[in-house]
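Participant: Whole structure, please, built from the sequences with the hints as guidance.
Number of protein chains: 2
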Amino acid sequence: MTNEEIHQIAQRLRIDSIRAAAAASSGHPTSSMSAADLMAVLMVRHLRYDYSSPENPNNDHLIFSKGHASPLVYAMFRAADAITDGDLLSFRQFGSKFEGHPTPILPWVDVATGSLGQGMPIATGVALCARALDRLPYRVFTLCGDSEMAEGSIWEAVEHAGVNGLDNLVTIVDVNRLGQRGETMHGWNLDSYAKRAEAGGWHTIEIDGHDIAEIDRAFTEAEATTGRPTMIVARTIKGYGASETANVEGKHGQPLKDPEKAIHELGDVAWTKVDVAKPEGTGTPHRFEADASIPLPAYELGGDKVPTRLAFGQGLAALMRRRGDVVAIDGEVGNSTHTEEVLKHTPERFFEAYIAEQMMIATAVGFQVRGWTPFAATFAAFHSRSYDFVRMAVISQAKLCLNGSHAGVSIGEDGPSQMALEDLAEFRALGSSVVLYPSDPNQTVKLVEAMADLRSTRSGLPTLYGPDEEFKIGGSRVVRESDDDQVTLIGAGVTLHEALKAADTLAGDGVNVRVIDLYSVKPVDVETLSAASSATGGRFVVVEDHWPEGGIGEAVISALADTDERPRVVKLAVTHVPGSGKMAELLHDCGIDADAIVTAARRLVELGPQIGRAAAASAG
Amino acid sequence: MTNEEIHQIAQRLRIDSIRAAAAASSGHPTSSMSAADLMAVLMVRHLRYDYSSPENPNNDHLIFSKGHASPLVYAMFRAADAITDGDLLSFRQFGSKFEGHPTPILPWVDVATGSLGQGMPIATGVALCARALDRLPYRVFTLCGDSEMAEGSIWEAVEHAGVNGLDNLVTIVDVNRLGQRGETMHGWNLDSYAKRAEAGGWHTIEIDGHDIAEIDRAFTEAEATTGRPTMIVARTIKGYGASETANVEGKHGQPLKDPEKAIHELGDVAWTKVDVAKPEGTGTPHRFEADASIPLPAYELGGDKVPTRLAFGQGLAALMRRRGDVVAIDGEVGNSTHTEEVLKHTPERFFEAYIAEQMMIATAVGFQVRGWTPFAATFAAFHSRSYDFVRMAVISQAKLCLNGSHAGVSIGEDGPSQMALEDLAEFRALGSSVVLYPSDPNQTVKLVEAMADLRSTRSGLPTLYGPDEEFKIGGSRVVRESDDDQVTLIGAGVTLHEALKAADTLAGDGVNVRVIDLYSVKPVDVETLSAASSATGGRFVVVEDHWPEGGIGEAVISALADTDERPRVVKLAVTHVPGSGKMAELLHDCGIDADAIVTAARRLVELGPQIGRAAAASAG
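Going down the list, the protein sequences come from chains A and B. So in my numbering, spot 317 of the first sequence is number 317, and the numbers just go up one at a time. So in my numbering, spot 530 of the second sequence is number 530, and the numbers just go up one at a time.
Derived from the structure by calculation, the hints contain no laboratory data. Please note that a few of the clues may not be correct.
No copy is singled out in the list; a pair is fine if it fits within one copy or between any two copies.
Only pairs whose alpha carbons sit at most 27 Å apart, straight line, appear in this in silico BS3-like list of lysine-lysine [as the list claims (entries may be wrong)]:
no., residue 1, residue 2
1, LYS195, LYS582
2, LYS257, LYS582
3, LYS257, LYS305
4, LYS97, LYS582
5, LYS195, LYS257
6, LYS195, LYS278
7, LYS273, LYS195
8, LYS97, LYS195
9, LYS273, LYS501
10, LYS261, LYS195
11, LYS273, LYS97
12, LYS261, LYS273
13, LYS273, LYS305
14, LYS472, LYS305
15, LYS472, LYS399
16, LYS472, LYS261
17, LYS501, LYS582
Facilitator: Shown next, in the form of structure tokens:
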């Protein structure tokens, strides 16, 4: 195609962006129009992608970090003849896969974007995957808006791509000057972006983003650049090509008022199919050696105290020897989370994210785009730094295994900044999440195999379970019971051990209690809880090293809220910002130690049965 | 003091850091030792701070972004004779104010740090406050570790400080090369930090961080620099001064094995009081004009539909005219959250954070350090980007008012990336938070006055309340009731309006129901819920535009879990990742519309009374 023909393709991308938004009566056509020339050149001359085979491992990847330019994404699919015009015009209709922001419901979309500053870090993860895991020559292109360059996560990615010398990564910044409500921080100062990227080790090229020849030269130069990623910083005009919108403020996120006029100004260009080049390579992704016969670690019952975080690291190390698809990423605390255990045998599959938790999750999301199974670990408190990335990963249907160590006040002297007291609520409140919280090293190892999200404790805890016991997601363990239990105590992690101490004290008073290890916080084992409620007169004490909201207590109460026999539940949880101290001091101070459990259980015994036995009592 | 005397002060700071960690048997002495010379020069020659009057508005500010160097923080307080040696040695003991990481429990500490990458952005907020709000010449110093320079939040702050030309801000980077588990991304490559800061508009100075004269010249040069913030990038040695620790790997976060030997190597320097210069200025903070007689906006009952987000903006605009201490910050969506309403009359108190939510919260935290009352707003979904900052703000006892707009699936066509479905769980699960969720514009305005966290809805909703009604935190409103209500429906925001529609339908069937507006999600109005449970046979339907976990449903169930009369609660919530569509389509698809409420209520009616009336029924 000639440059003029490519210009016509770009005009048609603009027309289709306008048409999609007009059909939806909403959307972001102006943000699409600024980048149409950039994307037209890319798809006609540089991208290698087989739209009929999106799973081809040799395909390049194109991730729209500016996900709101979804009309352009879909117009490109239409240009490649991957979708019909009817598909395009179903944009934003209920039930359509062509949503307001792109999601992987569509086979050509790697990840959901729309929360700005995420697509570019994830693209960096995919580019790292090409080099370090797949070992294939595919390239990764990502289109950023200029507004999102204000997100720190972008600069975490710039650092990581630079340090890793990812010359298979090309970031295109669509500097159209106008954000949602006015000019961006830097307007058309292209240098402000380029200089920072250069400081991070990137090759940069500043261009006119509407000049087909310049764009083409930039992509060619990017391809020829080795040892460094390339950032193409393009000066563009928002709403380019239509007098109603070109460089006009207040036009963000709105369909055009007069789409017909704009389409006419754009030359009424008819649709033409773009034959996107297919990947030349036919390589297969690298596979790492594995040996499924490697045993999982086993811990002696009643032996030395082993922190669940150490069991996590040792379990993960064994799992990575057993399975070649599993990889580990850590936020520069691998000697605390114990992911460093994997360095002994599988160092090629360990990735250091440094203190950049957003980039850690982005890397994991990027890896799973290509089918790898990533585990990412940091202190549970610091997963809050990347919560928006995990939120978006849920929309991406991404398979992530996250481990948060140092849960709750039990960490002791380091103080509240290091204590996760909201992590259970955070992760429970995400659509398809699973939340696990082991109390024993053998259990931890078993759950590592099954895990999606694992919470681990800093301190050593006694081993409760033999190495052959199985633990399924959605299960629980009744760790103590008798025929005349009067109360059910429920805990996980450190509070389970406190519950067991409380059970000993209560037994000394002649009060038998049931103790449940609720290691699967979500999904929760409703059946076991229900049976315990019936058996113990509907008297529950739930103890958690967490704020009272959104954690284990509410999981238990919710599970039985719409049933005939709703237990009376005393919830013991952290209710003030803790300070520093030893674990036992803090558990006591927060009212979540054995003493507090004993007091709560005694009160319930005095109150008498709350269900089931109540009827029996009043009948008797 | 001579340079040699300052060196001796630095040695004593090291000795006291070692002693504090030795007394605690934990802590971070080596991270303190690398920065001791930098801090000794600062406090002897450049800082202007009255330790006897920490509330003096002319004091400089010193924020340890590397909060784990708390032994050095406390050693400095000791050097200034602000604390006793016994205080210093109570480090990390239970009940001591000298916690593992510094918190504002101590009067000389502005904010809690310990989650890396936060102190520097907050310092930027304080420096902006000096210029734009207080209008005082105090300066802000912040000490960063090199590991934390990997956090994107640091670079958000670099951008903001650069663009705002904050020459009253000095960032000192303690490049001791070693992170927690080995070398940092850039080791001793000082340029890697300096070049990026220069690209962001900073003046930078690279020095040997143990050379007293060089350090002194750098601070002097920083003070003389106008129009730009200064970053002093200092090459240092972790654990400097003791052979056990100097530049030795594996010594992070550990007390010394032989503290006596190290103290001897450091010259057994005795404690000497440092007379820190007091601020020269006696200015008072600028105060903005206000007029308490400006009325709050009022909306006509039954008038045009007004989105609660618009009422938020208009309410905030009025509040800022009434109160000079209130300021607004927005994440570049002010035309959606409607904070732009404040531009009409109080543009000097509006701050644009661009798409940098972490910096938005850091700015707010920085402003409240100096006594201002900040409101920060973005889409509720994007508050998840700065969750760790809000988590730490709780530990800082910071007063923040956050508004999240565009709550839930009710936003419609933009799709799930823009929908807040986890925000209630997020904010409920934070120690001292208050969570509000208005359903009406007049109510919104009243709550803006009282608010800490406000959730608002994108779409217009009918006006339910007259402008004179009062709404208190911890309250609720029974919006419909009769003498023979059979079920209680509970909602907030859009779901309250669906509940009212459902109530109409049910009334048509002869089923009266009570409807509660649970606008105060935390704290929750237990009394009204309890009364409703008794009056409606313990039958509740709770409807929320949120995931099932951690939101309104669990707030209601938890509130009555440890009472005699525990209602049966049907929880209607979003249970799958929604797509795009119109509000009504999505509410229906997610089973949280009036139809779903009617179905749930009918089922409860058929089940019969669950408490109270049940006894009556079986007695009768």
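Participant: Each of the hints needs a verdict: does it hold here or not?
Facilitator: Now the hints, each set against the structure:
| no. | hint | in the structure |
| --- | --- | --- |
| 1 | LYS195 with LYS582 | neither (48 Å within a copy, 43 Å between copies) |
| 2 | LYS257 with LYS582 | between (65 Å within a copy, 20 Å between copies) |
| 3 | LYS257 with LYS305 | between (69 Å within a copy, 24 Å between copies) |
| 4 | LYS97 with LYS582 | between (53 Å within a copy, 14 Å between copies) |
| 5 | LYS195 with LYS257 | neither (38 Å within a copy, 46 Å between copies) |
| 6 | LYS195 with LYS278 | neither (34 Å within a copy, 40 Å between copies) |
| 7 | LYS273 with LYS195 | neither (38 Å within a copy, 45 Å between copies) |
| 8 | LYS97 with LYS195 | neither (39 Å within a copy, 44 Å between copies) |
| 9 | LYS273 with LYS501 | neither (72 Å within a copy, 50 Å between copies) |
| 10 | LYS261 with LYS195 | neither (40 Å within a copy, 48 Å between copies) |
| 11 | LYS273 with LYS97 | within (22 Å within a copy, 70 Å between copies) |
| 12 | LYS261 with LYS273 | within (24 Å within a copy, 77 Å between copies) |
| 13 | LYS273 with LYS305 | neither (66 Å within a copy, 46 Å between copies) |
| 14 | LYS472 with LYS305 | within (23 Å within a copy, 50 Å between copies) |
| 15 | LYS472 with LYS399 | within (18 Å within a copy, 43 Å between copies) |
| 16 | LYS472 with LYS261 | neither (61 Å within a copy, 52 Å between copies) |
| 17 | LYS501 with LYS582 | within (18 Å within a copy, 54 Å between copies) |
In terms of the numbered hints stated before, the structure departs from hints 1, 5, 6, 7, 8, 9, 10, 13 and 16, listed from lowest to highest.
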